[in-house]
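From first to last, the protein sequence lines stand for chains A and B. Anchor point for the first sequence: position 177 equals 177 in the numbering used here, and the numbering is continuous, going up by one each time. Anchor point for the second sequence: position 26 equals 26 in the numbering used here, and the numbering is continuous, going up by one each time.
Hints were generated in silico from the structure; no laboratory data involved. Every value quoted in this text rests on a predicted model; they were computed, and no experiment measured them. The reader is advised that the hints may include incorrect statements.
[Claimed, not checked] To give a feel for the contact side, a few chain B residues facing chain A, derived at Cβ under 8 angstroms:
no., residue
1, H44
2, L99
3, C101
4, R137
[As the list claims (entries may be wrong)] What follows is a set of in silico ranges between Cβ atoms, one per label pair, in the way DEER data are often shown:
no., chain 1, residue 1, chain 2, residue 2, range
5, A, K343, B, P120, 53 to 59 angstroms
6, A, A231, B, E73, 47 to 53 angstroms
7, B, V4, A, S778, 49 to 55 angstroms
8, A, A59, B, T3, 21 to 27 angstroms
9, A, K58, B, M1, 16 to 22 angstroms
Each residue gets a CB set at the ideal place from its N, CA and C atoms; glycine is no exception.
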Amino acid sequence: MPKTRFTQIGRAIPRREDRRLLTGNGRYVDDIEIPGALHACFVRSPHPHARIVRIDAKAALAMPGVAAVLTGADLAQWTTPLRVAPPIEGLHPVEMTTLPVDKVRFHGDPVACVIARDRYLAEDAAERVEVEYAPLPAVANADQALAEGTALVDESLPSNLVSEQRFSTGDVFARRREAHRVVESAFSQHRQTHLPIETRGCAALWDEGREHLTLHIGSQVPHPLRTQLAARMRLSESQVTISSLDVGGGFGQKIALYREELTVAAASRHLRRPVRWREDRMENLLAASHAREELCRTRAAVTDDGRLLGLELEILEDFGAYCFYPANYLARVVAMILTGPYKVSDYAFVVRVVLTNKCGSGPMRAPMSITSWVMEGTMDAIARELKLDPLEVRRRNMVAAAELPYTMPTGEVIADITPRETLEAAVTRVEYAQFRERQAAARREGRYLGLGLCSVVESTTYGSRFYKAAGIPGSGHEAAWVRIEPSGAVNASLGLGASGQGYETAFSQVVGEGLGVDPASVRIHLGNTDVAPYGMGSRGARGGTAGGATLFLCARDANEKMLAIAAKLLGFDSSEGLRMVEGKVVREVLGERIDTGISFAQLARTAYLDPTALPAGMAPGLDFSRTYDPPPMTYSNAAHVCEVELDVETGAVRILRYVVAEDCGTVLSPVVVEGQQHGAVAMGLSGALLEHMLYDEAAQNITGSLADYLVATATDLPRFEILPMHTPSRGNPVGTKGMAEGGVMGAIGAISNAVNDALAPFGVVAERQPLSPDYLRSLLRGKTP
Amino acid sequence: MDTVDFELSVNGERHAVRAEPRKLLTDVLREDCRLTGTHVGCEHGVCGACTVLVDGRPARACLLYAVQMRGHEITTIEAIAKDGVLSPLQQALHEVHGLQCGFCTAGIVMTFEAYLKENPRPTEEEIRDVLSGNLCRCTGYQNIVEAVLKVVHA
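So that you can see chain A by itself, here it is in the shape it has in the complex (with noise of 0.2 angstroms):
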C-alpha cells in the first residue's frame, strides 16, 4: 500500500445513496413501470417428495387474460439444464431442470408458472392448475438421508451423500494418546434463511426484433448472473442485459440464478412480451434458499494446562434438495480455516454433505458462519473439563504477533491480524476480572449472568488462486474503469453488486483518493451489465478488499496520465513532484506545496478537446480500466464479547452487553463499516436465539409466515459497542481487509458461550441454536445449580 496518508479513504462521509432511499425515490425491481407487462406466479408443490403425475391447466388456461401455463416439459425445451459438476474428488455431479419435469423434491418446489394480466389474476389461475402427484418417502432430516434403505432425493446419485471430503495431516492419533485429556465437543447449527426484506422477484423484457433479453433484477453478481443466464437461455453473452439498480437487501440469497427467474425470461422470449414476477414472503421463506443446517463435532486433544495438541472436525451438513452451488463449497471452507487464530500442527476433518427433501440451500451471510462458534465452543469446552479460566486457555494457544504470518495446518495463512490485541482489547473493555466477581455475587442472589467470548478469523476475499486450489471453477478477481469526461466530471464502475453497503459512498471516496477530487464530483455506476465491467460480484465480503483495491489502481492510472499531461502543460519532463490535490495540480518542492494554476477540469478538456497539446505519442481521451486479482485469501479478525442474563425460570436470554474488537484493515468508509458491523452482529444474534426454519418429521415447511419464522427486532438487541482497531494490510494496495461476514460468526459464538457460561452452575452444556426459551428450559428442568 502507498506510503502516502490517506485524506479522501477513511473520512466519515454521510451516504450518497440515502437521499433517494429516504425519500421514496430508490428504484428496487418492482418498482420499475414496464407497460404491458404481464405477471407470473407459481404452482407450488405441497408435497415434500412426489412424482408429477399429470398437470391439467385446461380450467386456468380458460380463464379470461391468463395468458399461458407454463410446465417442466415447456422449459426443458427453451432452456438448458444447470450441471454442477466441478472436478472435486468426492464430490457428486448433479443436474437439475429448470422446472421438475418428473418429480418434486420439497415442499414448496415450483412446478408450473401461469402467466396472466395481473397478479391477482395469475395467483387465482394458479389455484386452477390441477397437479396430480404419486406422493414418495420423504427425506426430513440428515440422518434419515444416511439410514439404509432410504428414499433418493436425486435419483442419478448412489445415494443422498452428495459430497465426503477427508484430510489429514500429522498424527491426530498419536497426539490423543500422548493427551492429558481428549475433549468432545458438538455444534449443531439450525436451518435458517436470509430474509431480505424485499423477496426475490424480476421483469424480463424480450425484444424480438434485436433478439435481446433485458432482466431487471435484484442481483449480487450482474455478470455472472448474466453469463448463466444467457447459457441456459441459448444465447450468446451479448444477447443478455441484466439490471439491478436498487436492491432490498440480498445476505447471499441473490447471488444463484433461480429457476423462477430463469422461468420468467424464458417466458418472456416465448411470449414476446414483458413478463414479472415478484415472489410473496411465503414464497422466499419456503422456496427461495435456505442456509446453515449443519452439525459439527470437535475433538481435541489436549495438555493438562489446557493446549492444543491435536485437533479433528466432523461436519454433516443437511444441504436439501438441490445444488444451486457445489454442495461442499460451504462446509468445505469451515474445515479449511477452522482453527483460526489457534496453533496446531495436527488436524483432521471429514465433512459430508447429504441432500434432504427441504429447500436447496446456498451461502448466507458468513457461509462459514458455524466456524468460529465451533472453535471458540471448542476453547470453552477445554477450559470446562480442565477446570481452567476460558480467556486463560485462549491465550495459551493464540498466535502472537511475532508468529505471524503463521500456516495453518490446512494450509491456509493468516498475516496482518491481530487476534491478541482484539481479545485484551475486548476483555479490558468488559473489565473481565471483575465481571467473574459480579457474577458469583449475582448467582447467590440466584441471577445467573454469563459471558462469551469469541475470536474470529474471517475469510474474506477469496483470488483466483484460492479457486485454483479448491478446483471450483471461477475467479476473484474484480474489474473497474474509471472515465474522467471532457467536463471533468469523474464517472466510474465496477462489476460488484450493491445491496445496502453504500459502495456509491466508499468507491466514491476510493476514486476521489486515487484521484486527489473530491469525492462528490465522482458517481459511481452499479449493476447494469452494460454499463458495469465484468467483474465477479458482491459476495463473501470482497467489495471493500476486491472492488476497493482494483478501482484505486485504475484511479491511480488515470491520475498518473493527468499529471503527465500537466508536465507538458508546464513545460517540465516529468511529472515528478506533481500532485493532484482537491483539483488542483500542486508542486511539492522541499516539502512545500506550490500551486501550478492548473486544474483537474483543465487537463479533462486538454486530453479530450487538444489532443495536439498531449505529450508526444499520448492517445486522446481519459479512459481507463483495470483488474485486480487479489491474493489467495485475506482474512481480517475480530473479539467478541458477549455479556447475558439467563432466567433460569422461563429460558429467556437477555443482553446486557455487546463489544467487538475489530480490525479490517484500511477502511474505506468508517459510516458503511460500522453499519455492516451492527447488521453483521444483529444477523448472528437473530439466527441463534429465534431464527428457526422448521421441518417436521414429514419434511412439510412449518414456517411459511414471519409470525413462524422470528426475526429479531429493536428489542431483542443490544446496544453494540464497537472498537476499531484497524491495521493496514500488506498484502493489498490500498490496506484493506474485508469484513461484514464476521460479525455473523462472532456474534453466534459469543451467545452461545455466554449461555453455556451462564448455564455451567447446573452442570449442562447448550450444543444446539436456537438458543430459544423452551430448549434452555429442556436443558434445566430437574437440574439445580
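Given chain A, put chain B in place with the hints provided.
Relative to the frame of chain A, chain B by itself:
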C-alpha cells in the same frame, strides 16, 4: 372480478381509481397512483415496510383494501420531504447511517413521523418498543434508534 371506480386522496392529491375491490392499498398506491416509495415486504402485516398514514395514523397498507380508503386521507413517504428538504427524521437517518438497503426505511420513517408528533420526548426503550413493529435486516436497529434520539434531543 368486476372493478369499482373510486377516489383516493393521497398526499393531498385526488386520484381517480378503477380497481377490483380486493386490490390492496399497497398495490393501488404503487400501480395506480404510481407512488412506489411504499414497499411491500411481507403482505401479512408483520414487517411494517408498507406503513403509510391514514388520517395521520400509521397503518399497514398491505392489510387494507384501497376501496376502504374512500373519505380518508393517505400520506406516503413521498410527502415527507417538503420542497426537497428532508424532514428532521429523514435528515437524522442520513447523518447517523440509519439505513442501508433502504427497503424498510419508508415504513420506519412513516411510523416515527406519526409517533413523534404525539410523543416528542420518548426514551430509548420506548423508541425500541415502537420500532419493534418494523423489521430491518441490515442495520441491527442501533443507528435507527440513534436517529430518532437525535431528533428527540434536537
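To see whether the hints hold, each was checked on the structure:
Taking 8 angstroms as the C-beta contact cut-off toward chain A, the hint placing H44/B at the interface holds, the least distance being around 6 angstroms. With a cut of 8 angstroms, the hint placing L99/B at the interface with chain A holds, because the nearest CB-to-CB distance is about 6 angstroms. With a cut of 8 angstroms, the hint placing C101/B at the interface with chain A holds, because the nearest CB-to-CB distance is about 3 angstroms. Interface hint at R137/B: satisfied, since its Cβ lies 5 angstroms from the closest Cβ of chain A, which is below the 8 angstroms cut-off.
Against the hinted window of 53 to 59 angstroms, the Cβ-Cβ separation of K343/A and P120/B comes to about 57 angstroms, which satisfies the hint. Taking the beta carbon of each, A231/A and E73/B are about 52 angstroms apart, inside 47 to 53 angstroms as hinted. Distance hint for V4/B and S778/A: a CB-CB separation of about 54 angstroms, consistent with the stated range 49 to 55 angstroms. The beta-carbon spacing between A59/A and T3/B, approximately 23 angstroms, falls within the hinted interval of 21 to 27 angstroms.
At roughly 21 angstroms, the beta-carbon separation of K58/A and M1/B lies within the given 16 to 22 angstroms, and the hint holds.
The structure is consistent with each of the numbered hints, conforming to all of them.
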